[in-house]
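Chemist: Chain by chain, the residues run as shown.
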Amino acid sequence: GAGVSQSPSNKVTEKGKDVELRCDPISGHTALYWYRQSLGQGLEFLIYFQGNSAPDKSGLPSDRFSAERTGGSVSTLTIQRTQQEDSAVYLCASRQMGGAGASTDTQYFGPGTRLTVL
Amino acid sequence: AQSVTQLGSHVSVSEGALVLLRCNYSSSVPPYLFWYVQYPNQGLQLLLKYTTGATLVKGINGFEAEFKKSETSFHLTKPSAHMSDAAEYFCAVRKTGANNLFFGTGTRLTVIP
Chain A
1 GAGVSQSPSN KVTEKGKDVE LRCDPISGHT ALYWYRQSLG QGLEFLIYFQ GNSAPDKSGL
61 PSDRFSAERT GGSVSTLTIQ RTQQEDSAVY LCASRQMGGA GASTDTQYFG PGTRLTVL
Chain B
1 AQSVTQLGSH VSVSEGALVL LRCNYSSSVP PYLFWYVQYP NQGLQLLLKY TTGATLVKGI
61 NGFEAEFKKS ETSFHLTKPS AHMSDAAEYF CAVRKTGANN LFFGTGTRLT VIP
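Line by line, the protein sequences give chains A and B. Residues in the first sequence are numbered consecutively from 1, following the numbering used here. Residues in the second sequence are numbered consecutively from 1, following the numbering used here.
Same shape as in the complex, but just chain A (with noise of 0.2 Å):
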């Protein structure tokens, strides 16, 4: 089946413009996250989504940045009055949630979407 895809895969723009990024999880996931590839700080946590519960938003590092999930599906990464500390590769991973298994332990990631901000 289908994997978690990304969308734009590449997005440039000017520091201080607002930008959205699109994940389309694996269908029948229930579980979300997104993450943060940059050089200087690695792969980082930014948001996780569990179906109707509220988001855990710990990994955001400012108010700058906001994800929604509509419909327990897609989901959005928003980040506002963008810098170029923002330029990054963001990855969206989804995840089965529930059941018996190992195989709800695993997250399955995207291709990623590759941020530079001018």
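Careful, some of the hints might be misleading.
Residues from chain A that keep clear of chain B, each with C-beta distances beyond 12 Å, as calculated [as the list claims (entries may be wrong)]:
(1) D56
(2) R95
(3) G112
Derived coverage of chain B by chain A (criterion: at least 3 residues anywhere in the stretch with Cβ under 8 Å from a Cβ of chain A; other residues may be distant) [as the list claims (entries may be wrong)]:
(4) 42-48
(5) 98-108
Keep in mind that the hints were calculated from the coordinates and are not lab data. Everything numeric in this text was worked out from a predicted model, so none of it was measured. Don't be surprised by glycine CBs; every beta carbon is placed ideally from N, CA and C.
Based on these hints, arrange chain B on the given structure of chain A.
Modeler: Coordinates of chain B only, in the frame set by chain A:
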């Protein structure tokens, strides 16, 4: 606090030689442990994972890793390196009950022909 240490940001091996990528974690409770691989311009792909049970875990592409609680380690090995193994490898942990993964800083593997 949860942390993952990958010793060596760059590792070079000859084709056919043993691959050993090191990962140590700090946790009072053994977490779930993962190795992911990232090929150039691609996303992360799961190589293998340890949750419970047998401490020697076999993954894809001939890789395996052994969970050693006494050493708080989860080193990744492959008996014979192939050119196609050149990539960046990330060790990650997820503490029981936690939501997200904590990643190491990654090890870039170069395979020399």
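Chemist: Now look at each hint and say whether the structure bears it out.
Modeler: We went through each hint and held it up to the structure:
{"no.": "1", "hint": "D56", "in the structure": "violated (5 Å)"}
{"no.": "2", "hint": "R95", "in the structure": "violated (9 Å)"}
{"no.": "3", "hint": "G112", "in the structure": "violated (6 Å)"}
{"no.": "4", "hint": "42-48", "in the structure": "holds (count 5)"}
{"no.": "5", "hint": "98-108", "in the structure": "holds (count 8)"}
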